[in-house]
Amino acid sequence: MGAELGNYKSCVSARSTDKEILKHAQDGGIVSQLFGFALDEGIIDGAIVAANKEFAAKYPSKVMADNSNFDMIEPWRPIPAIVNTRAELIAAAGTKYNVSPNVSMIKEATRSFGLDKVGIVGTPCQMQAIRKIQLYPVGARDVGASIALAVGIFCMENFPYQSILQLVEDHAAMKMESVKKMEIGKGKFWVYGKRGQVVQLPLKVTHKYEQPGCKVCLDYVANLADISTGSVGSPDGWSTVMVRSKIGDSVWAKAMAAGCFETQPIEKVKPGLELVTKLANEKISKNKKNLEERATFGVGKALRNPYI
Amino acid sequence: MFKKNVSAEPQKPVAPQKAADVAKPVETKKEVKPVADKITVGYTHLSGCTGCTVALADNYAGLLTLLDRYVDLKYMPTLADARHIQKVDVSFVEGSVCINDKLAVEEIKETREKSAVVVALGGCACYGNITRFSRGGQQNQPAQEAYLPIGDLIKVDVYIPGCAPSPQLIRNVAVAAYLLLKGSPEQKALATAYLKPLMMAADKGTSACFCDLMTNVINQGLCMGCGSCASACPVRAITHEYGKPQGERDLCIKCGACYNQCPRSWFSFDVVENYEAINETIMAALQ
Ligand SMILES: Cc1cc2nc3c(=O)[nH]c(=O)nc-3n(C[C@H](O)[C@H](O)[C@H](O)COP(=O)(O)OP(=O)(O)OC[C@H]3O[C@@H](n4cnc5c(N)ncnc54)[C@H](O)[C@@H]3O)c2cc1C
Ligand code: SF4
Ligand code: SF4
Ligand code: SF4
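Protein chains in written order, with numbering that gives the first Met the number 0: chain H, 0 to 307; chain U, 0 to 286.
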């Protein structure tokens with residue numbers, strides 16, 4: 000293959016130098032630290048992230064009006080939100096393993112939220128959505144040029160909320176509200192409880208709960224982000240960072256110069272890019288096969304292929 | 000392949016007009032060459048609210064550059080002196096056709112006959128949009144009640160959906176149309192790849208609704224919950240419930256923005272992976 004990691008200008012293993020961010024972040028705190036820096040420097044004036052119920056209760060003006068009934072929102076259900084401060088960023092840090100439609104706010108960010116320079120974090124498919132919006136702005140008047148920093152997170156698959164509920168409550172026998180962190184890594188789905196308990200589920204249990212739309216996804220490492228990051232390839236607590244676009248290159252250089260990140264050469268860390276490449280290949284080959292199967296799904300009838 | 004050698008400059012840049020030439024209108028007529036390098040464009044205005052016209056005009060300086068270098072606007076109500084339909088390379092059509100209005104029917108047919116490429120501009124021309132809800136009875140033409148998207152009467156080559164379509168999509172299509180007709184082989188390839196999905200949309204049909212997201216995306220097992228559809232909807236008919244679009248179907252005006260904005264309706268890696276180069280090409284073309 001060879002194209003599985005997309006185009007990138009540089010790749011390192013990194014972690015934030017901000018201890019507070021590291022405490023709340025999923026991995027090396029790359030996303031929160033980048034947005035924090037970009038906010039401080041005026042590179043962005045707000046960012047779209049995946050917040051939660053507590054965030055919505057504390058910052059009701061930062062979520063969409065239709066999310067205002069936060070009593071109804073379950074623990075670990077993500078709510079797209081706009082953040083303008085480091086405190087808000089930290090309150091929205093960490094991975095929620097279910098769908099957060101962050102792109103739903105991209106136009107509203109420039110309207111009722113009044114942003115001129117928008118940051119957005121999202122999965123690889125959400126980065127594809129952003130670039131389609133920039134090239135084919137069907138319903139996105141004046142939005143494309145306002146997207147000032149798009150940070151992509153690596154993604155093997157995502158889940159409907161109810162899948163996570165079933166995995167956590169039925170398979171891992173934990174209460175959603177008692178979960179401190181969820182993580183997919185080292186071939187397992189990990190659920191960490193607030194009281195210190197840890198449950199791991201083999202990924203063969205989680206597969207059938209995946210969101211169907213992920214089965215045709217051909218991007219693992221957010222090829223279309225300005226900067227993309229994920230845990231795979233780097234040691235625990237560190238992140239693999241790929242700097243991709245001109246915008247990404249300029250923001251990363253400034254953030255490095257400002258001392259935002261500690262880094263190690265990706266060639267020096269274990270397991271390194273070899274594992275990232277292997278997983279990317281696995282995902283893409285599997286999903287290409289799924290697309291082929293869709294072409295002959297019925298008797299003389301195909302399922303639709305979105306890629307042209 | 001799009002990264003190098005793609006420059007959107009016209010092959011023969013228009014020399015800045017000298018003040019003396021402007022003073023002598025007879026002499027400016029001699030500037031046959033630069034005008035010949037432009038594409039000829041027309042604008043047919045049927046049953047549309049002029050929002051599409053405003054969106055085109057909202058390119059501000061970009062529109063002036065387009066008119067200056069690439070486009071010879073032959074006819075257009077509102078923005079040009081001439082209004083009658085003429086032979087052109089590309090015509091943009093705003094609005095649906097009232098089939099109870101003879102003149103409108105004649106105009107859309109004449110537009111087709113006289114244009115090499117017909118672009119349906121905006122939700123009404125592409126899909127009927129809000130005019131789908133007409134039942135007549137309005138002053139001062141109460142008997143005009145039946146409206147059809149232009150694709151139900153003529154073959155349409157390219158769709159620019161959206162209500163209103165965004166100024167930037169109109170700009171991109173205009174630049175792509177220029178490159179397609181007047182560009183180098185590389186530029187032609189770029190423009191063809193860019194326009195292809197919008198040509199496929201024109202082939203696909205003349206009706207649109209929130210339901211397209213259900214029938215063609217979710218029912219097909221393709222939705223991944225990005226949220227683009229909700230963001231695109233001009234009437235805020237879409238929210239997301241547990242990551243999937245939920246439509247307030249009574250609000251939907253049938254514009255087709257949600258479906259066409261969705262990355263899982265159509266997505267061209269060839270084009271989108273080169274987003275940086277393409278954006279730069281378009282911006283350079285309008286410098
Ligand atoms: C569904 C999913 C699958 C993933 N799969 C992989 C994988 O296979 N391999 C890998 O290396 N990494 C994967 N990641 C990425 C990883 O879990 C971390 O999100 C990433 O490393 C960033 O960590 P951080 O410490 O830099 O970010 P933090 O500073 O913790 O910030 C994370 C940011 O992501 C946002 N976010 C959280 N959940 C979502 C969501 N569901 N959708 C959109 N944005 C969200 C948060 O609001 C926050 O702004 C996945 C993430 C998600 C959401
Ligand atoms: S696997 Fe692909 S489609 Fe699914 S959430 Fe991740 S990036 Fe999106
Ligand atoms: S834009 Fe398409 S893929 Fe994204 S949430 Fe809407 S229907 Fe799903
Ligand atoms: S739901 Fe909204 S965007 Fe979709 S067709 Fe209806 S009005 Fe247009």
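Just so you know, not all the hints are guaranteed correct.
Quick look at which bits of chain H chain U covers, simulated, 3 or more residues with Cβ under 8 Å [stated by the list, open to error]: (1) 12-24; (2) 49-55.
Far from chain H, by Cβ distances over 12 Å, these chain U residues were calculated [as the list claims (entries may be wrong)]: (3) 78; (4) 81; (5) 113; (6) 129; (7) 170; (8) 183; (9) 232; (10) 248; (11) 267; (12) 269.
If you are wondering where the hints come from, they were derived from the structure by calculation, not from laboratory data. Beta carbons are placed, not taken as given, at the ideal position from N, Cα and C, and that holds for glycine.
Quick rundown of the hints versus the structure:
A count of 0 residues in the region 12-24 of chain H with a Cβ less than 8 Å from any Cβ of chain U is obtained; the coverage claim is therefore unmet, three being the minimum. Only residues whose C-beta sits within less than 8 Å of a C-beta in chain U count toward coverage, and the region 49-55 of chain H has 0 of them, not enough to reach three; the restraint is violated. Distance check for residue 78 of chain U against chain H: the nearest CB is about 19 Å away, which clears 12 Å, and the non-interface claim stands. Against the 12 Å criterion, residue 81 of chain U stays outside the reach of chain H, whose nearest CB is about 28 Å from its own CB.
With a cut of 12 Å on Cβ distances, residue 113 of chain U stays outside the contact zone with chain H, its closest approach being about 28 Å. With a least beta-carbon separation of about 15 Å from chain H, residue 129 of chain U lies farther than 12 Å from that chain, consistent with its non-interface assignment. For residue 170 of chain U, the requirement that its beta carbon stay farther than 12 Å from each beta carbon of chain H is not met, with the minimum near 10 Å. Every CB of chain H is more than 12 Å from the CB of residue 183 of chain U (nearest about 21 Å), matching its label as outside the interface.
Residue 232 of chain U, annotated as away from the interface, has a beta carbon of chain H within 12 Å; the closest lies near 6 Å. Listed as a non-interface residue, residue 248 of chain U keeps its Cβ farther than 12 Å from every Cβ of chain H; the least gap is roughly 16 Å. With a minimum CB-CB distance of about 5 Å to chain H, residue 267 of chain U fails to clear the 12 Å threshold, and the non-interface call is violated. Separation of residue 269 of chain U from chain H is inadequate, the least Cβ-Cβ distance of about 9 Å not exceeding the 12 Å criterion.
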